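The primary structure of each chain is shown beneath.
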Amino acid sequence: MAQITKGSSHEPATIYIKPSTGLAALNLKDLWAYRELVYFMIWRDVKVRYKQTMLGAAWAIIQPVLTMIVFTFLFGRIAKLPTDNDIPYPIFSYAALLPWGMFVGALNQASRSLTSNQNMVTKIYFPRLVLPLASILSGLVDFVIAFVILIGLMIYYGVTPSLNAIWALPLFLLLTVLTALGVALWLSAINVQYRDVNYALPFLTQFWLFITPVAYSSNLISEKWQLIYSLNPMAGVVNGFRWALLGTNTGPGAEMAVSVLISIVTLIGGLFYFRNMEKTFADTI
Amino acid sequence: MTIAISVNNISKQYRIGAAQQKFQYGMFRDVLMDTLMTPVRVYRALRGQGMRGTTATSTIWALKDVSFDLEEGKVLGIVGRNGAGKSTLLKILSRVTEPTQGTVTVRGRVGSLLEVGTGFHPELTGRENIYMNGAILGMKRAEIDAKFDEIVEFSEVGQFIDTPVKRYSSGMYLRLAFAVAAHLEPEILVVDEVLAVGDAEFQKKCLGKMSDVAQQGRTVLFVSHNMSAILRLTQEAIVLKKGQLIKRAPTPEAVDFYLSSGQAESGQRVWEAEEVPAASQPFRPVAIRIKDRSGNVVDTVRSTEPLTVEWEYQLDAPISALRVGIYLSTMRGEYVFTSFDTDDARQYEQFGARQAGRYLSRCEIPADFFNEGRYSLGVNASSFGVKRYFMDENALSFNVDISGAPGTQWPEVRQGPIRPRLNWEIEKID
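Chains as they are written, first to last, in the numbering used here: chain A, 1 to 285; chain B, 1 to 430.
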């Protein structure tokens with residue numbers, strides 16, 4: 001939509017505004033120029049999130065822990081679902097609930113990020129990507145808080161993570177963020193015109209939970225379906241977390257590659273879709 | 001001279017749907033119908049025809065082939081009625097929205113005061129909001145650090161700087177918001193009707209800041225309905241009408257042109273559907289008229305006769321605490337008075353809450369009130385402290401003829417906007 005050419009230090013930058021035609025360029029340079037805004041938006045989200053709540057940041061722990069307890073009771077005790085390597089069910093599910101909670105939280109926040117910052121979108125120019133990106137990254141704080149509980153659980157159950165965890169966990173966390181961003185770009189852009197997203201999202205995440213090995217082990221899926229099953233990038237994420245933390249046999253392999261590939265395709269598609277819709281955000285929101 | 005802004009044939013097309021008439025207040029039948037119509041709507045949406053809930057969509061040109069150049073350091077006024085395309089032009093210049101056609105070249109950072117308070121979060125303190133807002137406006141952190149004290153001082157909220165802004169009064173909130181925007185120091189400043197808010201003292205400060213900016217050799221675009229502010233602050237102005245640039249001239253000439261051509265509609269102003277912003281819903285102005293004693297719609301009234309102002313409007317849904325009223329001002333932008341139809345407490349009790357329907361609010365301005373000249377009638381429909389549904393500061397203008405008024409035996413210009421017939425008593429006391 002607009003190009004900026006930097007002049008010499010005394011010359012102000014010249015901006016050319018014209019209708020964009022065809023596929024919009026990603027213009028990530030512009031996003032980089034606004035990195036401080038991303039930082040401030042994350043800071044604002046974190047600062048404001050638990051304001052005027054009684055339990056405050058404890059919510060970041062309560063949500064996954066309560067879910068873990070319910071899952072343990074339902075699937076561990078009553079349904080007696082087997083875990084990999086006889087890992088205790090609570091820690092088995094918690095290791096999956098961590099990235100899953102991050103993913104769902106990110107989708108919820110990010111898909112609404114444009115509509116809830118409507119006055120910014122209709123009044124000021126800035127790369128719109130800042131909004132979904134910042135709301136996803138601000139979820140990392142909750143992730144870190146919830147992670148402390150995981151460490152406690154591991155000590156309690158005497159589980160030692162493999163050395164892989166050191167390099168692999170950040171990578172799988174990155175995969176979670178990229179997957180969430182990819183999906184959120186689509187959803188937030190659609191949400192600008194069709195608020196149906198707000199109603200559809202709870203179903204989407206609920207359904208998604210069923211096809212992701214959070215409550216059960218992906219080893220329960222028969223061999224011939226494994227590749228199709230891993231078309232869900234979150235399956236790769238959860239399997240990766242369990243592999244790195246608990247030493248299950250769900251580590252990197254063909255399935256994981258499929259998950260990563262799908263995640264990247266979704267992200268790139270989302271970026272282009274978002275950039276293309278971006279030019280009419282201020283008019284249709 | 002360097003050109004700061006060069007606008008070449010820009011046009012902006014908007015798609016408008018028929019005003020969205022969704023169900024009101026739990027009318028079960030409407031909800032049911034809406035549900036049953038879903039497949040049709042989805043089909044239309046998938047074929048790319050328009051937005052939620054609207055049936056037929058059509059397009060309008062909010063701007064059409066507008067071109068102008070503006071030299072660096074100039075202050076340009078932009079005048080035009082509601083819906084003339086002023087805001088669209090500013091939005092394109094500040095890159096919020098893209099033009100449909102045409103190009104713009106802008107030399108330097110564009111900062112605008114239409115973004116006052118954008119991104120403010122009620123839970124954050126004044127200090128935090130300054131940083132947040134500064135970042136949104138494109139300031140670097142170091143830049144905000146450097147100007148922080150100045151911003152706080154300008155805003156006059158010093159002692160509350162670490163209080164969440166949700167505890168601020170609306171005046172404090174506004175001052176803080178404006179202070180940040182005013183210290184952005186862009187090469188090009190866009191000012192859109194900020195002067196409609198805040199108290200007189202604050203407005204003076206804003207105008208002062210604006211002329212400072214202009215004197216520092218930066219370029220300013222100033223949009224206002226207040227002709228006296230336009231006259232005072234700009235040397236040159238453009239007039240927009242229905243999306244087209246119809247005049248560019250030195251300000252006094254442009255203002256004169258605007259007031260005499262665009263305004264005079266023979267004592268009556270009728271609002272077309274596209275002139276009414278969607279945000280006005282459920283209030284819809286229909287027409288405002290000036291009538292003389294015999295009930296004729298007139299453009300010129302005699303000061304020795306009473307005149308009647310009639311405002312016709314439609315409520316598409318009930319509105320509570322409604323007040324519908326007029327502002328009267330001179331052509332130089334000085335207010336003469338403001339009056340609302342529910343100013344009277346009993347009247348308010350009876351008509352504060354109004355059902356949907358077509359209404360007429362009428363008032364009589366007594367004889368021997370106006371002085372000679374042309375007056376501007378503004379309109380406002382609002383619920384105090386809740387929402388301003390519709391406002392147009394220059395809805396209509398009319399002439400006043402003073403033949404027969406007090407003191408007309410002397411052919412001189414009398415100062416002041418009113419010319420009352422006062423009861424003078426003359427006594428010899430010594």
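Simulated from the structure, these hints should not be mistaken for laboratory data.
Quick caveat: nothing in here was measured; it's all calculated off a predicted structure.
Be careful, since some hints might not be right.
[What the hints assert, rightly or not] Calculated lysine to any residue pairs in the SDA-like style (CA-CA distance at most 25 Å, straight line):
1. B:Lys387 / B:Arg284
2. A:Lys123 / B:Glu310
3. B:Lys166 / A:Ser116
4. A:Lys51 / B:His121
5. A:Lys123 / B:Asn8
6. A:Lys279 / B:Gln244
[To be verified] Restraint ranges, calculated between C-beta atoms of paired labels, are given here:
7. A:Arg195 / B:Glu153: 55 to 65 Å
8. B:Ala317 / A:Tyr194: 20 to 30 Å
9. B:Ala146 / A:Trp59: 33 to 43 Å
[Claimed, not checked] Chain B side only, calculated, beta carbon under 10 Å to chain A, not exhaustive:
10. Lys12
11. Tyr14
12. Thr97
13. Gln101
14. Thr103
15. Tyr131
16. Arg141
17. Met331
18. Gly333
19. Val336
20. Met391
C-beta atoms are modelled at their ideal positions from N, C-alpha and C, and glycine is treated no differently.
Evaluated hints:
1. Annotation: proposed proximity of Lys387 (chain B) to Arg284 (chain B) holds, straight-line Cα distance about 14 Å (limit 25 Å).
2. For the hint pairing Lys123 (chain A) with Glu310 (chain B), the CA-to-CA distance comes to about 36 Å; that exceeds 25 Å, so the pair is violated.
3. For the hint linking Lys166 (chain B) to Ser116 (chain A), the alpha-carbon distance of about 18 Å falls within 25 Å, and the restraint holds.
4. Restraint check: the Cα-Cα separation between Lys51 (chain A) and His121 (chain B) comes to about 12 Å, which is no more than 25 Å; the hinted pair holds.
5. Between Lys123 (chain A) and Asn8 (chain B) the CA atoms are separated by roughly 22 Å; this keeps the pair inside 25 Å, and the hint holds.
6. At most 25 Å may separate the alpha-carbon atoms for a hinted pair to count; Lys279 (chain A) and Gln244 (chain B) meet this at roughly 23 Å.
7. For Arg195 (chain A) paired with Glu153 (chain B), a C-beta distance near 43 Å fails the hint of 55 to 65 Å.
8. At roughly 24 Å, the beta carbons of Ala317 (chain B) and Tyr194 (chain A) sit within the given window of 20 to 30 Å.
9. At about 38 Å, the CB distance of Ala146 (chain B) to Trp59 (chain A) agrees with the hint of 33 to 43 Å.
10. Because the closest C-beta pair between Lys12 (chain B) and chain A is about 9 Å apart, less than 10 Å, the hint holds.
11. Below 10 Å, beta-carbon pairs count as interface contacts, and Tyr14 (chain B) has one with chain A at about 7 Å; its hint therefore holds.
12. A least Cβ separation of about 4 Å between Thr97 (chain B) and chain A falls short of the 10 Å threshold, and the interface hint therefore holds.
13. The interface hint given for Gln101 (chain B) holds, since its Cβ lies 6 Å from the closest Cβ of chain A, which is under the 10 Å cut-off.
14. Because the closest C-beta pair between Thr103 (chain B) and chain A is about 4 Å apart, less than 10 Å, the hint holds.
15. Because the smallest distance between the Cβ of Tyr131 (chain B) and any Cβ of chain A comes to about 7 Å, under 10 Å, the interface hint for this residue holds.
16. Satisfaction of the interface hint for Arg141 (chain B) is found here, the shortest Cβ-Cβ separation to chain A being roughly 6 Å, below the 10 Å cut-off.
17. Hint status for Met331 (chain B): violated, given a least beta-carbon distance of 31 Å to chain A, over 10 Å.
18. For the restraint placing Gly333 (chain B) at the interface with chain A, the shortest Cβ-Cβ distance is roughly 26 Å, beyond the 10 Å limit, so the hint is violated.
19. Interface hint status for Val336 (chain B): violated, as the beta-carbon distance to the closest one in chain A is roughly 33 Å, over 10 Å.
20. Interface hint status for Met391 (chain B): violated, as the beta-carbon distance to the closest one in chain A is roughly 19 Å, over 10 Å.
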